[in-house]
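Q: For reference, the chains in residue letters:
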Amino acid sequence: MIDEILQDDAGLYVMRMLPPDEEAAFEKRLEADAELRQLVDQLEDAAGHVAHVAPTVAPPPGLKERILSDIRHEVRVVPMTPARRFGWVPWALAAGLAIAATAFWQQASIYREQNFAYREQTRTQESTIAELRSRDALATMQIATLSTKVANYEKALAVVVFDAQRQSGTVKLAGFPKAPPNKDFQLWAIPSSGKPISAGVVPVGTDGISQVSFRPVQEVHETATFAISVEPAGGSAQPSPEVIFVGK
Amino acid sequence: MSSNGDHQRQVDAELLSRVAAGDEEAFARLYDRFSPGLYSMVLKMTGDDAEAQDVLQEAFSHIWRKAMTFDPRRSAAFTWAVMVTRNKCIDRLRVRQRFARIAEKAAAEEQNSPKVDEVSVGLAELNEEKGRVRAALDQVTADQRQAIELAFFNDFTHEEIAERLCTPLGTVKARIRRGLLKLREILEGGHA
Numbered sequence: 021m022i023d024e025i026l027q028d029d030a031g032l033y034v035m036r037m038l039p040p041d042e043e044a045a046f047e048k049r050l051e052a053d054a055e056l057r058q059l060v061d062q063l064e065d066a067a068g069h070v071a072h073v074a075p076t077v078a079p080p081p082g083l084k085e086r087i088l089s090d091i092r093h094e095v096r097v098v099p100m101t102p103a104r105r106f107g108w109v110p111w112a113l114a115a116g117l118a119i120a121a122t123a124f125w126q127q128a129s130i131y132r133e134q135n136f137a138y139r140e141q142t143r144t145q146e147s148t149i150a151e152l153r154s155r156d157a158l159a160t161m162q163i164a165t166l167s168t169k170v171a172n173y174e175k176a177l178a179v180v181v182f183d184a185q186r187q188s189g190t191v192k193l194a195g196f197p198k199a200p201p202n203k204d205f206q207l208w209a210i211p212s213s214g215k216p217i218s219a220g221v222v223p224v225g226t227d228g229i230s231q232v233s234f235r236p237v238q239e240v241h242e243t244a245t246f247a248i249s250v251e252p253a254g255g256s257a258q259p260s261p262e263v264i265f266v267g268k
Numbered sequence: 003m004s005s006n007g008d009h010q011r012q013v014d015a016e017l018l019s020r021v022a023a024g025d026e027e028a029f030a031r032l033y034d035r036f037s038p039g040l041y042s043m044v045l046k047m048t049g050d051d052a053e054a055q056d057v058l059q060e061a062f063s064h065i066w067r068k069a070m071t072f073d074p075r076r077s078a079a080f081t082w083a084v085m086v087t088r089n090k091c092i093d094r095l096r097v098r099q100r101f102a103r104i105a106e107k108a109a110a111e112e113q114n115s116p117k118v119d120e121v122s123v124g125l126a127e128l129n130e131e132k133g134r135v136r137a138a139l140d141q142v143t144a145d146q147r148q149a150i151e152l153a154f155f156n157d158f159t160h161e162e163i164a165e166r167l168c169t170p171l172g173t174v175k176a177r178i179r180r181g182l183l184k185l186r187e188i189l190e191g192g193h194a
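Read top to bottom, the protein sequences are chains U and W. The first sequence begins at 21 in the working numbering and counts up by one. The second sequence begins at 3 in the working numbering and counts up by one.
Think about it this way: if two alpha-carbon atoms lie no more than 25 angstroms apart in a straight line, the pair counts; the simulated PhoX-like pairs of lysine-lysine are:
{"no.": "1", "chain 1": "U", "residue 1": "K203", "chain 2": "W", "residue 2": "K68"}
{"no.": "2", "chain 1": "W", "residue 1": "K68", "chain 2": "U", "residue 2": "K198"}
{"no.": "3", "chain 1": "U", "residue 1": "K268", "chain 2": "U", "residue 2": "K175"}
{"no.": "4", "chain 1": "W", "residue 1": "K68", "chain 2": "U", "residue 2": "K84"}
{"no.": "5", "chain 1": "W", "residue 1": "K68", "chain 2": "U", "residue 2": "K48"}
Don't read these hints as lab results, they were simulated from the structure.
With the sequences and hints as input, model every part of the structure.
A: Quick look at the structure:
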């Protein structure tokens, strides 16, 4: 049974009337409390109907075309579905191994002098990736482990696996902090010509993990540098200066 | 809920599921069904036509990108879209810190808003749903309805609502929560 005060807070939360600190605390509690989640769902369901109180006004005729044009220019990342599992198994395997390799590499960088074992493990993982690269299934794939110098992302990992033949790839993130308010992480492919090509917005869950497929808005026919930047929600046509990860 | 309501809800959920798979045609149909209701809500909140268009554009862009996060077990597709759009609207208004001025303008201009062409796509269902919700809200107590509408269409804090209604803070919180649950109960039970 949820106490009355918390129930009232649920109403305020749905209406977005809680102060930011209380809202964050409430969301944390919401993640672990199924009964509270159910109450919030019920309240949201009711609140959604209140929109009908507004007098009906038709949106301007041109707005639909503007919105449709927007989405046509936006490459959306779609989470992988079970139906596509055979297609992404080797990719996921490669990305997973690459992430592991990156993790070991980072650790090795830090403890290079003290911990020889990490380097051994890194070499093992990297040789595994090299072996995977040589196999037919992965022969056309580029595996890029991205690195960062931004303090807030030092514990995060980002790996991109890209197949130039299919013009599609997978990006896998781990240990990512939540994107800043009204911001999204966006992936870019940067060919040697230097003009960044958007590969779409990458949503990151509350657990800091993400694995999504992508397709750049323009074709990329060479080994590209990949980068992740922080952009206004929904993504940008060109990357902002806030590039947090880069790698090839 | 009426069987027609159930059918509409199912159609919306199926469209949103196709949108999640990247189906542009489904997205265009969803726009036709949802945009009058969402635009009306945003226009009431902002009182500014250009602002309302921008918010709707942001909201539909979000719907396109995040359709896969919609869970039909938790809410109706339209409810989900309402909450997405309302959140976008509130974010925008807070960032610009000009809500108070716009709200005043909205109240003054509401009477002069152009009305919808009744033959537009999806409006028959929208108007039927509006009638059902208004009838349900009539069954919620006037105090609860007033608190809900003030909270929903304005970016007021609960303290501000308490002040406007000359009512203790705890009472305002309870009115919002109990009013919403009552509204849901009426709509679910088809009493409206």
